[in-house]
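Chain order of the listed sequences is A and B.
Reading the first sequence from the start, the letters are residues 13 to 102 in the numbering used here.
Reading the second sequence from the start, the letters are residues 59 to 338 in the numbering used here.
What the hints contain is simulated information worked out from the structure, not anything from laboratory work.
Please note: incorrect hints may appear among the correct ones.
[Unchecked claim] So the derived list for chain B, only partly shown, Cβ under 7 Å to chain A, looks like this:
1) G86
2) C87
3) G90
4) S94
5) T194
6) G195
7) L242
8) P278
9) P280
10) M281
[Stated by the list, open to error] Cβ-Cβ distance ranges computed for the label pairs, FRET-style:
11) B:L327 to A:F20: 54 to 64 Å
12) B:R243 to A:S94: 49 to 59 Å
13) A:S74 to B:G214: 41 to 51 Å
14) A:T27 to B:D298: 34 to 44 Å
15) B:R78 to A:L77: 52 to 62 Å
The C-beta atom is built at its ideal place from N, Cα and C for all residues, glycine as well.
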Amino acid sequence: MTLWRQPFDAAEKATKPGQIHIDKERCKGCDFCVDFCPTEALRMSVELSSKGYNFAVVDDESKCLACGFCELICPEFAITVSIPLDNNVA
Amino acid sequence: MTDTLNAKNHSIEKYLRQDRMPHIWCSGCGIGPAVSCFLRAIDRAEIDPNKIALVSGIGCTGRVAGYVKLDSFHTTHGRAIPFATGLKLAKPELKAVVFSGDGDLVAIGGNHLIHAARRNIDMTVICVNNFNYGMTGGQVGPTSPLEARTTTTPYGNFEPPFNLPYLASASGASYVARWTVLHLRELERAITEAMIKPGFSFIDVIAPCPPIYGRMNKMPLPMDSMHYYQEKTIIRHGADPKEADITLNGPILAGTFVDIERPTFQDQLNHISSKVNAQV
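The following block holds chain A by itself, in its conformation from the complex (with noise of 0.2 Å):
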């Protein structure tokens, strides 16, 4: 569907892409966060961590919407979502 005519606060309500940060020497590969993420925007590591665990990484943070699901799901607190703060809309 392509609107001819776009909303006055379009820009301002859009989803912002949402900044991911995980600790990989918490992380003990436990694959909630990759396979419960909405937008995909997880993956498992190749490497190993320090301990030995596939880690999870960010694959493309792009897709990410900010929902936080994976900030609450991860049963070692090592994910943490940030939004990034836009300068000019302020």
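Guided by the hints, dock chain B onto chain A, whose structure is given.
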């Protein structure tokens, strides 16, 4: 970007003891998401963290008391609720939260659970239910479903399990809910409601135990239990807790089952003592 954790950004990092991390729980354990929901619920319920007393017993879930930066109390096996009762009676302004496992709260501490619910003491009990005794190697517990294989019942469990929401509601709890660790937004809301609610509130959190209970019951990977919850959970608010029985690989009834108003222990005590004082 994969980088180290920025502690200032994480909304629950302020409530965790950084020096104790990483924790001892296995990969894919359900206790982590439950703790995460509880710590978020503190902010959501707008309770002063200095007024929360977190009490936990023995077991994997008992370790929660050591990992949170609240006033926490790691008590003897099964006696988390009596210690919380004492705390609540000595300092009624504190918010007592009991965070423990099913082997602690329902097996050895089952008597305390039903009597705290009968008295309707103002506390929140979060029971992380993983269907066995995980820390000691996966023995059969009072919540293991019939025919579930555990290390002490290798041919299948033959004891009927407790139905925890039914037990709590029949004993007189004023708030009873059950959620799995996949329903985290709902769990967070339920813990918030339970903490605000005066009276005894009980939340049964179904959690996976992949390397111990799962390995014996054909769910060895953390994702297997989560997919089971995703497929088999039925959300029915206000359902009769009698129907909330758990069978092996059967449906899990989730939702808020009981939300009633009853005079709490403190209310009744104040009522009787004011009557006695009026006579003297």
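These are the hints, each one checked on the structure:
| no. | hint | verdict |
| --- | --- | --- |
| 1 | G86 | holds (4 Å) |
| 2 | C87 | holds (5 Å) |
| 3 | G90 | holds (3 Å) |
| 4 | S94 | holds (6 Å) |
| 5 | T194 | violated (20 Å) |
| 6 | G195 | violated (20 Å) |
| 7 | L242 | holds (5 Å) |
| 8 | P278 | violated (12 Å) |
| 9 | P280 | holds (4 Å) |
| 10 | M281 | holds (5 Å) |
| 11 | B:L327 to A:F20: 54 to 64 Å | holds (60 Å) |
| 12 | B:R243 to A:S94: 49 to 59 Å | violated (19 Å) |
| 13 | A:S74 to B:G214: 41 to 51 Å | holds (50 Å) |
| 14 | A:T27 to B:D298: 34 to 44 Å | holds (41 Å) |
| 15 | B:R78 to A:L77: 52 to 62 Å | violated (32 Å) |
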